[in-house]
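Number of protein chains: 2
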Amino acid sequence: MNLENTLVQMRKGILEYCILHIISRGEVYASDMLDELTAAKMIVVEGTLYPLLTRLKNAGLLEYKWVESKSGPPRKYYKLTEEGDTFLKGLSDTWEDLVRSTQMIKTKSNS
Amino acid sequence: MNLENTLVQMRKGILEYCILHIISRGEVYASDMLDELTAAKMIVVEGTLYPLLTRLKNAGLLEYKWVESKSGPPRKYYKLTEEGDTFLKGLSDTWEDLVRSTQMIKTKSNS
DNA sequence: ATCCAGTACTTGGCCATACATAGTACTTTC
DNA sequence: GAAAGTACTATGTATGGCCAAGTACTGGAT
Numbered sequence: 000m001n002l003e004n005t006l007v008q009m010r011k012g013i014l015e016y017c018i019l020h021i022i023s024r025g026e027v028y029a030s031d032m033l034d035e036l037t038a039a040k041m042i043v044v045e046g047t048l049y050p051l052l053t054r055l056k057n058a059g060l061l062e063y064k065w066v067e068s069k070s071g072p073p074r075k076y077y078k079l080t081e082e083g084d085t086f087l088k089g090l091s092d093t094w095e096d097l098v099r100s101t102q103m104i105k106t107k108s109n110s
Numbered sequence: 000m001n002l003e004n005t006l007v008q009m010r011k012g013i014l015e016y017c018i019l020h021i022i023s024r025g026e027v028y029a030s031d032m033l034d035e036l037t038a039a040k041m042i043v044v045e046g047t048l049y050p051l052l053t054r055l056k057n058a059g060l061l062e063y064k065w066v067e068s069k070s071g072p073p074r075k076y077y078k079l080t081e082e083g084d085t086f087l088k089g090l091s092d093t094w095e096d097l098v099r100s101t102q103m104i105k106t107k108s109n110s
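Protein chains in written order, with numbering that gives the first Met the number 0: chain A, 0 to 110; chain B, 0 to 110.
Among the hints, a few may not be true.
If chains are identical, the list can't say which one is meant, so a pair holds when it fits in one copy or spans any two.
Unchecked claim - Straight-line Cα separation of at most 30 Å, BS3-like style, residue types lysine-lysine; simulated pairs:
| hint | residue 1 | residue 2 |
| --- | --- | --- |
| 1 | Lys88 | Lys107 |
| 2 | Lys56 | Lys107 |
| 3 | Lys40 | Lys11 |
| 4 | Lys78 | Lys11 |
In case anyone wonders, no lab produced these hints; they're calculated from the structure.
The model shown is predicted, which means the values in this text are computed figures rather than measured ones.
Could you build all of it, start to finish, from the sequences and the hints given here?
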């Protein structure tokens with residue numbers, strides 16, 4: 000029972016939300032996302048991100064196209080499908096509710 | 000890949016935070032917590048709450064005392080240990096950081 | 001007194017997902 | 001052509017919420 004472990008648990012599900020958000024703003028590939036997540040202090044490793052992207056793609060929320068790169072292997076540029084866009088909207092509501100709930104619990108004084 | 004499932008994942012870790020918060024405000028027993036969590040729309044079932052309480056107690060963050068009840072079996076009234084209090088403070092920071100991160104990602108405009 | 005409903009708590013198995021770690025494949029540079 | 005860097009893949013582990021069934025105690029109905 001340590002903070003690190005709890006943080007990992009807290010991240011579950013939230014990551015999915017963050018990634019859909021990043022992609023919704025324009026086409027990006029995995030390293031772009033890693034950079035941004037790191038900048039936002041949502042420390043994430045490759046082995047977490049790639050499987051998640053595959054999962055989202057298989058679920059029909061994402062699609063990608065290969066783009067040649069001058070500095071290495073080709074890259075998968077992702078964007079949201081229409082379904083992904085809808086899903087993200089639902090997810091946003093869910094997340095906002097959750098944050099509101101914790102605030103409600105936090106600020107309530109005892110009876 | 001549905002909203003319901005993602006919500007479950009999002010709840011991981013957050014629940015622990017909410018429960019410690021509720022207990023930090025004064026001695027309560029499980030049904031009190033369930034009521035409050037339900038009121039805050041953090042729908043939770045017995046089979047989730049009780050094991051969590053046991054885990055927190057075994058980790059030394061909680062302690063309880065039995066109190067007789069006039070309308071049923073005796074109740075376990077929980078309160079935070081000193082260690083639990085410290086842990087909750089750390090958890091609060093972690094949580095605030097996470098919320099900030101998601102907001103950062105959400106409001107950032109694309110380059 | 002006996003049975004039933006309500007309350008409080010317990011237990012065991014299932015499943016999704018983040019993480020660690022190692023591995024593949026391609027490109028550029030020396 | 002060997003080494004370093006980039007992009008992506010695959011496998012096994014652990015955590016924790018959820019479901020469902022079960023125990024134990026109380027008080028009221030028959």
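Since the copies are identical, ignore which copy is meant and state whether Lys88 and Lys107 lie within 30 Å (CA to CA) inside a copy, between copies, both or neither. both (29 Å within a copy, 17 Å between copies)
Status of Lys11 relative to Lys40 across identical chains (alpha carbons, at most 30 Å): both (15 Å within a copy, 19 Å between copies)
Intra- versus inter-subunit Cα pairing at 30 Å for Lys56 with Lys107: between (41 Å within a copy, 24 Å between copies)
From the Cα coordinates, with 30 Å as the cut-off, is the pair Lys78 and Lys11 best called within, between, both, or neither? both (22 Å within a copy, 28 Å between copies)
In the structure shown, no violation is registered for any of the earlier numbered hints.
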